[in-house]
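Taking the hints into account, I'd like the entire structure generated from these sequences.
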Amino acid sequence: MGKRVGIEVSIAAAEAVGLCDTDVVAAYPITPQTHVVEHLSEMVANGHLDAEFVPVESEHSAMSVCCGSAAAGARTFTATASQGLALMAEIVFIAASMRLPMVMFLSNRALSAPLSIWNDHSDTMMVRDAGWIHVFCENGQEVYDAVFHAFRVAEDPKVSLPVMLNVDGFTLTHVIEPIEFWTKEMAAKYLPRFKPLNRLHPDKVVSMGAFGMPEIYLEQKMAHDHVLIQSKDVILKAWEELGQLTGRHYKPVETYKVEGAETLIFAMGSICETASMAVDHMREQGKKVGLVKLRLWRPLPMDDIRKVLAPAKDVVVLDRSMSLGAANAPVTSELRAVMYHEPQRPKIHCMIAGLGGRDVTPDDVSNMVDMALSESTYGYHLYGVRG
Amino acid sequence: MTKPMDQINWQEVEPGGVITEPGNASCYHTGTWRSEKPVYLEEKCIRCWRCYIMCPDAAISPDYENNRMVWNYDYCKGCGICSYECPVDAIEIVEEGE
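So the sequences go chain by chain: A and B. If you number the first sequence the way the numbering used here does, the last residue is 387 and the count never jumps. If you number the second sequence the way the numbering used here does, the last residue is 485 and the count never jumps.
FYI, nobody ran anything at the bench for these hints, they're computed from the structure. Keep in mind that the hints are not guaranteed to be accurate.
[Claimed, not checked] Simulated pairs of lysine-lysine, DSS-like, Cα-Cα distance not exceeding 27 Å:
hint, chain 1, residue 1, chain 2, residue 2
1, B, Lys424, A, Lys158
2, A, Lys158, A, Lys3
3, A, Lys221, A, Lys288
4, B, Lys424, A, Lys204
5, A, Lys221, B, Lys390
6, A, Lys237, A, Lys251
Quick look at the structure:
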């Protein structure tokens, strides 16, 4: 086991990318970028990492370079946030549909306007249907471990898909946490050499990114959806081996004090730590409240969600983004869809919280649970909005 | 191509739509799009090869043995560039079916 150090989460993630012996890093190193690529550029410049660092002219180009790099068979990494992801979006869809494995560190931040650099999940929800694997992290150690897992899953020949690591902007990216590092040997043991399904090489010529006529587009989409859903097996196996290696065990859906709980709080990302404090407090008051944390957002672990939610009376979803003009917010929408046909299903309440970096405290979470349980209609609440 | 495109099931498609058989675009006859057709007037042709150079596909090629140009109508979309570029009006555009 490696040493335990106090370090900024972004820098730790960059160190993990370095331990993965990444070949190509392409990024647009300007706001709203984090320290991830800044530190990686230093590592490359100082000779600590033998990689190509491509400082491109825009995020659109960053994602394009990543596609070319993955197509050539190189281990590929990029990092971005909010508006940067928005500019990448066109190529984000292409990367997944072309089955090009790469890892993106996404510092989750709000989208303009008004211009905001603060944390919520608007950016990732914009590309939730792109066909990437989306993993959410709760703390710095999880982010660090998730980098190795992401490369392992993305490059598995049974998967060959890009993986997006969702890391809450500021609340995770810019904080210093104690993180247990991996050794070089651990990384080498866990992460085999990248052997792409197909690659651009003169020895075996292939064409990538070809036109798809109406006769074949549908079949390609079906194949993509199937492989994304099937990737869960590889994801689970990679987490299992990571657990054996580090002693830290990850699951697609994790729970905290759900035994005998009538009300479940459902959340993703760093807000789970806040919510767990609220659960402790509410349990002390004798309230039967538990917490469900979703780590794997795509592919959505539908069976696990059904199993964990079915016994509850009420589920309070802490959504971190809005779907303007829609019935509710993205996470709630999925849960309501997953549970609708179940014979026994809880009431699912939608609480949109912490948009654009608005602080959410444990007391806020308790308040949201109280509000949800007293409501009689089931639309959504924008918690904390004045007026 | 091993199978016509409209008979491939989703389980059989290449991951990411990769084309493993280079140049298989030739299996697709774009000439079916044509509504107007270039007609070669051999007696007027000065064999400058401008049509061959300018064709955006590869539908025109020189026949060296017979010293003339030949058209491959499987890939000629009838864009008319050859006719427009011809310096001696040796390529006439006619309505398809005439």
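Hints, verified against the model:
1. Under the criterion of a C-alpha separation no larger than 27 Å, the hint pairing Lys424(B) with Lys158(A) is inconsistent with the structure, at around 49 Å.
2. A threshold of 27 Å between alpha carbons decides the hint, and for Lys158(A) with Lys3(A) the separation of about 33 Å lies outside it, so the pair is violated.
3. Note on Lys221(A) and Lys288(A): the hinted pairing is violated, with a Cα-Cα distance of about 43 Å set against a maximum of 27 Å.
4. Distance hint between Lys424(B) and Lys204(A) is unfulfilled; the C-alpha atoms sit about 38 Å from each other, more than 27 Å.
5. With a C-alpha separation of about 19 Å, the suggested pair Lys221(A) and Lys390(B) falls inside the 27 Å cut-off, and the hint holds.
6. Our distance criterion of 27 Å between C-alpha atoms is met by Lys237(A) and Lys251(A), whose separation comes to about 10 Å.
Hint compliance for this structure: hints 1, 2, 3, 4 are broken, all remaining hints hold.
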